[in-house]
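Note that the protein sequences, when read in sequence, are chains L and Z. Counting from 1, position 72 in the first sequence corresponds to residue 89 in the working numbering; the numbering is continuous, with no gaps. Counting from 1, position 16 in the second sequence corresponds to residue 90 in the working numbering; the numbering is continuous, with no gaps.
What the hints contain is simulated information worked out from the structure, not anything from laboratory work. Any given hint might turn out to be false.
To be verified - Simulated crosslink set (EDC-like; lysine to aspartate or glutamate; CA at most 16 Å straight-line):
#	chain 1	residue 1	chain 2	residue 2
1	L	Lys-93	Z	Asp-221
2	Z	Lys-205	Z	Asp-183
3	L	Lys-105	L	Glu-33
4	Z	Lys-177	Z	Glu-189
5	L	Lys-115	L	Glu-24
6	L	Lys-86	Z	Glu-122
7	Z	Lys-87	L	Glu-29
8	L	Lys-93	Z	Glu-122
9	L	Lys-93	Z	Glu-119
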Amino acid sequence: MPEIQIEGTQLEVTDEGYLTDPSQWTENIAQHLAQETGIELTEKHFEVLKFLRDQTEAGVPLTIRRIGKSGIVSIKDFYALFPGGPLKVSSRIAGIHKPASCV
Amino acid sequence: MEQPAVSSATGTKPAPLKKVLIIVSKGTLENVYAGLVMANGALMEGMEANMFFTFFGLSAIEKDKQDHLHTATVGNPAFMPQIPTMLAGLPGFESFASFMMRKEMDKLDIPPVSEFMEMIVAGGGKLYGCKLAVDMFKLSREDFIDDLEDIITVGDMYALAAGEGTQIIFI
Numbered sequence: 018m019p020e021i022q023i024e025g026t027q028l029e030v031t032d033e034g035y036l037t038d039p040s041q042w043t044e045n046i047a048q049h050l051a052q053e054t055g056i057e058l059t060e061k062h063f064e065v066l067k068f069l070r071d072q073t074e075a076g077v078p079l080t081i082r083r084i085g086k087s088g089i090v091s092i093k094d095f096y097a098l099f100p101g102g103p104l105k106v107s108s109r110i111a112g113i114h115k116p117a118s119c120v
Numbered sequence: 075m076e077q078p079a080v081s082s083a084t085g086t087k088p089a090p091l092k093k094v095l096i097i098v099s100k101g102t103l104e105n106v107y108a109g110l111v112m113a114n115g116a117l118m119e120g121m122e123a124n125m126f127f128t129f130f131g132l133s134a135i136e137k138d139k140q141d142h143l144h145t146a147t148v149g150n151p152a153f154m155p156q157i158p159t160m161l162a163g164l165p166g167f168e169s170f171a172s173f174m175m176r177k178e179m180d181k182l183d184i185p186p187v188s189e190f191m192e193m194i195v196a197g198g199g200k201l202y203g204c205k206l207a208v209d210m211f212k213l214s215r216e217d218f219i220d221d222l223e224d225i226i227t228v229g230d231m232y233a234l235a236a237g238e239g240t241q242i243i244f245i
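So that you can see chain Z by itself, here it is in the shape it has in the complex (with noise of 0.2 Å):
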């Protein structure tokens, strides 16, 4: 991909990246930390930051269910292949490792979702959740975190976008 070169000392390198929009499509523990620590990561490296959330990912943004993410057991062969499925599918079975994934990330000071967001606003970043998503979960305003910047359509999600230098990452 051809990217705007700047002259330097050393010689022509490619220009650095200014803006991400990271779209967060699912609601899985996984999906959401990838997005949250690449939204905080290039804030933390002097970016723009916008993220969007849609279909599950309005989970993530949902007060109530932001700081109780799950991630998969049962049809998930790349989370402890050696498991069965029939174990894997007992009763608690999910939401214990869920827990104890949970519990890894703190010990790495990786905070929960909801102080996450808290960290990404506080660092100019910005949240948005998807309209169609909210209307078809027949959610509303009030179900969703107080940082969240606007509930958008599709055509204003691709305005966060907007200008040269600009990453669109999709999860």
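Just chain L, with the same shape it has in the complex (with noise of 0.2 Å):
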């Protein structure tokens, strides 16, 4: 498994980049993690990740259609926060593992 450094914490990543152990998480973490993608996170986007990281601690499985029912966000302003991939750039940001869902 590879391994990055972010501010002196060695952190062992998957071969396509999501933390292996989502309990290292930081905010300062993820604001790395999102530079790496040319992104910049607002309040907006910590909300997200907070629900991704919510959700997956509580078991349940991550769709698009559900972050889009959240009330949390619009499936509109989510591919606009994280471009490129939304579900997958986001989970990688939040530390959390790669989706494995088909919606």
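Both chains come to you apart, so use the hints to assemble them.
Here is the structure:
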């Protein structure tokens, strides 16, 4: 498993760049991961990231439909916040596993 | 098939797909959903996606039909091969089987066709209807969903697939 370093912390990631240990995540790490994709995180971004992490902790499978219905963000805004594959990109920045859904 | 190569630290690998055009010519549940999942999937991977509905695929974009699509129970050996045709052809059987299929999809968080198309359009995907089919079935713009981008001819449909890294998928 490849490793990356963010501000002195060694983090193990999958080949696609997802944190193998979600508990190591901090908001700082999110900023770094987002910068790699050219995204500047705003409060709205963090609202979505928190939602994703809460859902993952509760064991709820993530689908873009659920995010659209969450009331936190509309699907159109979700695509605008995390361009280029929103669910994948936001999951990576949120430090959770790669989404395993076809929807 | 030759793909333009992209050099990277790990060596050359094929360039990812950039855009898809999905043509839906059938109006059954499994065919329409296959198209919708693929279009939405493409958008979720950061690709562009256009959908073109023709012949029986028009049912998927008709306001009063799209959430009531069926799947064949007769003449469909892939579906419940143990059920004899005589039984599968009884009145109401096809409706019931289709209803059960839609329920199973809902359990997997797959939305009804109308909502699915809203999601696709929200993600930047565009939906088109086939002018020939629309004329043949004697339909008009009012029969279709508001999100329909346009009703176009085959030439314009090919223009939707312009650009390198584009694939056309026919269902």
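Verification of the supplied hints:
no.	hint	in the structure
1	L:Lys-93 / Z:Asp-221	holds (14 Å)
2	Z:Lys-205 / Z:Asp-183	violated (33 Å)
3	L:Lys-105 / L:Glu-33	holds (10 Å)
4	Z:Lys-177 / Z:Glu-189	holds (15 Å)
5	L:Lys-115 / L:Glu-24	violated (23 Å)
6	L:Lys-86 / Z:Glu-122	violated (23 Å)
7	Z:Lys-87 / L:Glu-29	violated (24 Å)
8	L:Lys-93 / Z:Glu-122	holds (14 Å)
9	L:Lys-93 / Z:Glu-119	holds (15 Å)
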